[in-house]
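Starting from the given sequences, assemble the full structure and let the hints guide the process.
2 protein chains.
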Amino acid sequence: MRKLPRILGAQTISKTRLFHVEQLDLEFSNGVVVQYERLRGSARGAVLIVPMLDTDTVLLIREYAAGVQRYELALPKGRIEHGEGIIEAANREIMEEVGYAAHTLRHITSLTVAPGYLSHTTHVILAQDLYPCTAVGDEPEEIEVVPWKLSQLNELLQCDDCTEARSIAALFMVKELLKNER
Amino acid sequence: MRKLPRILGAQTISKTRLFHVEQLDLEFSNGVVVQYERLRGSARGAVLIVPMLDTDTVLLIREYAAGVQRYELALPKGRIEHGEGIIEAANREIMEEVGYAAHTLRHITSLTVAPGYLSHTTHVILAQDLYPCTAVGDEPEEIEVVPWKLSQLNELLQCDDCTEARSIAALFMVKELLKNER
Numbered sequence: 014m015r016k017l018p019r020i021l022g023a024q025t026i027s028k029t030r031l032f033h034v035e036q037l038d039l040e041f042s043n044g045v046v047v048q049y050e051r052l053r054g055s056a057r058g059a060v061l062i063v064p065m066l067d068t069d070t071v072l073l074i075r076e077y078a079a080g081v082q083r084y085e086l087a088l089p090k091g092r093i094e095h096g097e098g099i100i101e102a103a104n105r106e107i108m109e110e111v112g113y114a115a116h117t118l119r120h121i122t123s124l125t126v127a128p129g130y131l132s133h134t135t136h137v138i139l140a141q142d143l144y145p146c147t148a149v150g151d152e153p154e155e156i157e158v159v160p161w162k163l164s165q166l167n168e169l170l171q172c173d174d175c176t177e178a179r180s181i182a183a184l185f186m187v188k189e190l191l192k193n194e195r
Numbered sequence: 014m015r016k017l018p019r020i021l022g023a024q025t026i027s028k029t030r031l032f033h034v035e036q037l038d039l040e041f042s043n044g045v046v047v048q049y050e051r052l053r054g055s056a057r058g059a060v061l062i063v064p065m066l067d068t069d070t071v072l073l074i075r076e077y078a079a080g081v082q083r084y085e086l087a088l089p090k091g092r093i094e095h096g097e098g099i100i101e102a103a104n105r106e107i108m109e110e111v112g113y114a115a116h117t118l119r120h121i122t123s124l125t126v127a128p129g130y131l132s133h134t135t136h137v138i139l140a141q142d143l144y145p146c147t148a149v150g151d152e153p154e155e156i157e158v159v160p161w162k163l164s165q166l167n168e169l170l171q172c173d174d175c176t177e178a179r180s181i182a183a184l185f186m187v188k189e190l191l192k193n194e195r
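Chains A and B, in that order, are what the protein sequence lines are.
The first sequence begins at 14 in this note's numbering and counts up one residue at a time.
The second sequence begins at 14 in this note's numbering and counts up one residue at a time.
In case anyone wonders, no lab produced these hints; they're calculated from the structure.
All of these numbers come straight from a predicted model, not from anything done at the bench.
Some clues are possibly wrong.
If the Cβ cut is set under 8 Å, some of the chain A residues that face chain B in the computed set are [said to hold, decoys possible]:
| id | residue |
| --- | --- |
| 1 | Ile26 |
| 2 | Val45 |
| 3 | Val47 |
| 4 | Gln82 |
| 5 | Arg83 |
| 6 | Tyr84 |
| 7 | Glu85 |
| 8 | Leu131 |
| 9 | Glu154 |
| 10 | Glu168 |
| 11 | Leu169 |
| 12 | Leu170 |
| 13 | Cys172 |
| 14 | Thr176 |
| 15 | Ala178 |
| 16 | Arg195 |
Just so you know, even glycine gets a beta-carbon here, dropped at the ideal spot from N, CA and C.
This is the structure we're talking about:
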């Protein structure tokens with residue numbers, strides 16, 4: 014494995030409520046020095062949950078996405094709060110966003126979003142043995158819950174409003190996992 | 014389909030070489046007014062290429078990822094340059110990053126990265142009928158090319174350095190597509 018570039022210097026060049034931009038001076042192992050910018054995410058990361066109502070039915074949500082100014086169909090997700098564990102955060106998010114809690118929660122992988130310039134990590138949690146249970150989140154409007162069959166994943170990918178890469182990757186991975194466990 | 018929130022106001026609150034942060038005042042259809050922040054990406058977007066050396070072998074690259082400060086194994090990708098089409102950008106990127114061009118290039122889907130706060134869109138291009146052809150990019154060091162079998166996708170997902178959600182989603186989608194075309 015190659016030697017990692019050496020960080021010669023790092024400084025915050027912008028900080029807003031949500032975004033923290035850092036400028037890096039990097040020296041690659043071949044001696045080339047380059048200036049990069051990256052976004053620092055929360056060190057705690059985020060969770061993305063695959064809530065299974067039964068062995069084939071996953072609960073998706075349709076929620077407003079400000080980045081693209083449209084409603085997007087995707088898996089429930091959210092930031093891990095201070096003092097919270099990954100599993101606890103996952104269970105809270107599904108209570109807030111889909112109205113269920115889970116008896117069984119499993120961390121199946123961790124994904125990055127755009128590792129070239131974002132430090133964000135998203136932990137993917139498979140939630141099974143669901144039971145109705147709600148909690149109040151900070152959503153500005155009620156979230157629409159959309160049950161979908163994993164056996165119809167290809168049809169989901171034809172929908173114009175289902176584009177989020179982490180959700181698509183997680184759905185394929187869980188489909189594989191559940192198939193192998195059958 | 015729900016009525017989209019109305020944008021009451023939008024202003025740039027930070028702009029660095031790479032990042033453009035915008036603050037939005039939004040009014041949801043239920044009357045709730047909320048302030049959001051989002052990152053504006055290039056309106057042209059990016060391309061992510063799935064270069065197939067044969068019907069089972071995909072060419073991955075291992076490249077330094079400043080966001081997570083490690084080398085990541087993923088599909089080649091890059092921004093679309095001014096005046097460039099999607100297909101043209103995809104062919105240029107694989108010449109620069111994997112040393113091949115393609116006779117056949119197909120746009121198979123478009124993914125978002127984090128639609129809640131990023132406007133970025135990534136077009137996924139399947140590249141087939143490859144032939145050796147290189148172009149010089151702006152990479153600070155030589156990129157390692159790693160051939161991998163789509164039939165061993167599950168093994169790839171066990172690798173600690175393969176975490177990027179768009180690449181994982183695109184590999185599953187292309188595997189499905191090629192299976193159905195066989």
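For each hint, the structure was consulted:
1. A distance limit of 8 Å between C-beta atoms decides the matter here; for Ile26(A) the minimum to chain B is near 6 Å, and the interface restraint holds.
2. Proximity of Val45(A) to chain B holds as hinted, the smallest CB-CB distance being about 4 Å (cut-off 8 Å).
3. Given the 8 Å rule on beta carbons, the hint for Val47(A) holds: about 5 Å separates it from the nearest Cβ of chain B.
4. Because the beta carbon of Gln82(A) sits about 7 Å from the nearest beta carbon in chain B, less than 8 Å, this interface hint is met.
5. For the restraint placing Arg83(A) at the interface with chain B, the shortest Cβ-Cβ distance is roughly 7 Å, inside the 8 Å limit, so the hint holds.
6. The interface hint given for Tyr84(A) is met, as the beta carbon of that residue sits about 6 Å from the closest beta carbon of chain B, less than 8 Å.
7. The closest approach between the C-beta of Glu85(A) and any C-beta of chain B is roughly 5 Å, which is under the 8 Å cut-off, so the hint is satisfied.
8. At about 5 Å, the closest approach between the beta carbon of Leu131(A) and any beta carbon in chain B falls short of 8 Å, and the interface hint on this residue holds.
9. Below 8 Å, beta-carbon pairs count as interface contacts, and Glu154(A) has one with chain B at about 5 Å; its hint therefore holds.
10. A least Cβ separation of about 12 Å between Glu168(A) and chain B goes past the 8 Å threshold, and the interface hint is therefore violated.
11. Given the 8 Å rule on beta carbons, the hint for Leu169(A) is violated: about 11 Å separates it from the nearest Cβ of chain B.
12. Taking 8 Å as the C-beta cut-off, the interface hint given for Leu170(A) holds, the closest approach to chain B being about 7 Å.
13. Taken as an interface hint, Cys172(A) does not check out: its beta carbon lies about 11 Å from the nearest beta carbon of chain B, beyond 8 Å.
14. Because the beta carbon of Thr176(A) sits about 5 Å from the nearest beta carbon in chain B, less than 8 Å, this interface hint is met.
15. Checking Ala178(A) against chain B by beta carbon gives a least distance of about 4 Å; that is within 8 Å, so the hint holds.
16. Because the smallest distance between the Cβ of Arg195(A) and any Cβ of chain B comes to about 15 Å, over 8 Å, the interface hint for this residue is violated.
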